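A.B. asks: Sequence:
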Amino acid sequence: MEGLLEHILELLIAAGPWIVFAVAATETAFFIGLAIPAEATVLLAAFLAERGMFPVEQVLAGAFFGGLTGDQTGYLLGRHGGRRMAARGGWFGRLWGRYEGSAADLFRRRSAVAVTLARFTAFVRTLMPWFAGMSRMPYPRFLFYDLLGVLGWAGGSVLLGYAAGESWDAVARALGAASAIVIALLVLVAFVLWWRRRRPLAP
Numbered sequence: 000m001e002g003l004l005e006h007i008l009e010l011l012i013a014a015g016p017w018i019v020f021a022v023a024a025t026e027t028a029f030f031i032g033l034a035i036p037a038e039a040t041v042l043l044a045a046f047l048a049e050r051g052m053f054p055v056e057q058v059l060a061g062a063f064f065g066g067l068t069g070d071q072t073g074y075l076l077g078r079h080g081g082r083r084m085a086a087r088g089g090w091f092g093r094l095w096g097r098y099e100g101s102a103a104d105l106f107r108r109r110s111a112v113a114v115t116l117a118r119f120t121a122f123v124r125t126l127m128p129w130f131a132g133m134s135r136m137p138y139p140r141f142l143f144y145d146l147l148g149v150l151g152w153a154g155g156s157v158l159l160g161y162a163a164g165e166s167w168d169a170v171a172r173a174l175g176a177a178s179a180i181v182i183a184l185l186v187l188v189a190f191v192l193w194w195r196r197r198r199p200l201a202p
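Just so it is clear: in the sequence shown, position 178 is 177 by numbering that gives the first Met the number 0, and no numbers are missing.
Treat the hints with caution; some may be incorrect.
As the list claims (entries may be wrong) - Pairwise CB distance ranges, derived in the manner of DEER restraints:
no.	residue 1	residue 2	range
1	Asp104	Gly51	42 to 50 Å
2	Ala14	Arg97	36 to 44 Å
3	Gly51	Tyr98	39 to 47 Å
4	Gly154	Gly51	17 to 25 Å
If you're looking for bench data, these hints aren't it; they were derived computationally from the structure. Model, not experiment: these values are computed from the prediction. Cβ atoms here follow ideal geometry from the backbone N, Cα and C, with glycine treated the same way.
Can you make the complete structure from the sequences, with help from the hints?
C.D. replies: Here it is as C-alpha cells:
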C-alpha cells in the first residue's frame, strides 16, 4: 500500500487535483478501477489538501465530478455497446454471461442497493455502470441513485483523507477502514434482504 501511495503522490504533485478527476472518471468508464481503485487517489489528495498543498474543495470537486462523469460514460457505453463487447468473449464476456440474469433482476428490483451501495465497493463499482446500462436500467433511475452514491463516496473519502492528515500511515489505515465499513454495510443489507424474503414463508 505504501508503494501505491508514493506513486500516486508523484502524480498529484505533478498534476494537482486534476489527477483526482482523471482517475475517478476512468475508473468506471474504462475499467481502470480493476487495477487502481480511486479511493487511494482521493484519500491522498485530501491528505495533501490538509497539509495546504491545494484547496480541499478542489479535491472534493474532482472526486465528485470525476466519479459522476465516469459512471455516466460507463452506463452509456454499456447500454449501447456492452452486449456486443460481451459477445466477443474474453473475461468480460464470461463475467456477463455468468451474471446477466441476476444483474438484470438486481437493477430492476433493488436499484438503491445495486447502484448506491456498489459505489462504495472497489472493483464492484468499476463494473456497476456497465452492467446497469447492459441491463437496460432506466437512465433517470440510474442517475438518481448514482448521484447519491457518488456524493456519499466523494464526501466520505475526502473526509477520511483530510482527517488522517497527521500521518502517512493514517492514510493507509483510512483506506482499509473505508473498505471495512463498506463490507459491513453490504453484509447488513444482504441480511435484511434475505430476512424480508424469508418472512412471508414463516407460519
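A.B. asks: Decide, hint by hint, whether the structure agrees.
C.D. replies: Cross-check of the supplied hints:
1. At roughly 49 Å, the beta carbons of Asp104 and Gly51 sit within the given window of 42 to 50 Å.
2. A hinted range of 36 to 44 Å for the beta carbons of Ala14 and Arg97 is consistent with their spacing of about 38 Å.
3. Evaluation of the 39 to 47 Å hint for Gly51 and Tyr98 yields a pass: the beta carbon distance comes to about 45 Å.
4. A beta carbon spacing of about 21 Å between Gly154 and Gly51 agrees with the range 17 to 25 Å that was offered as a hint.
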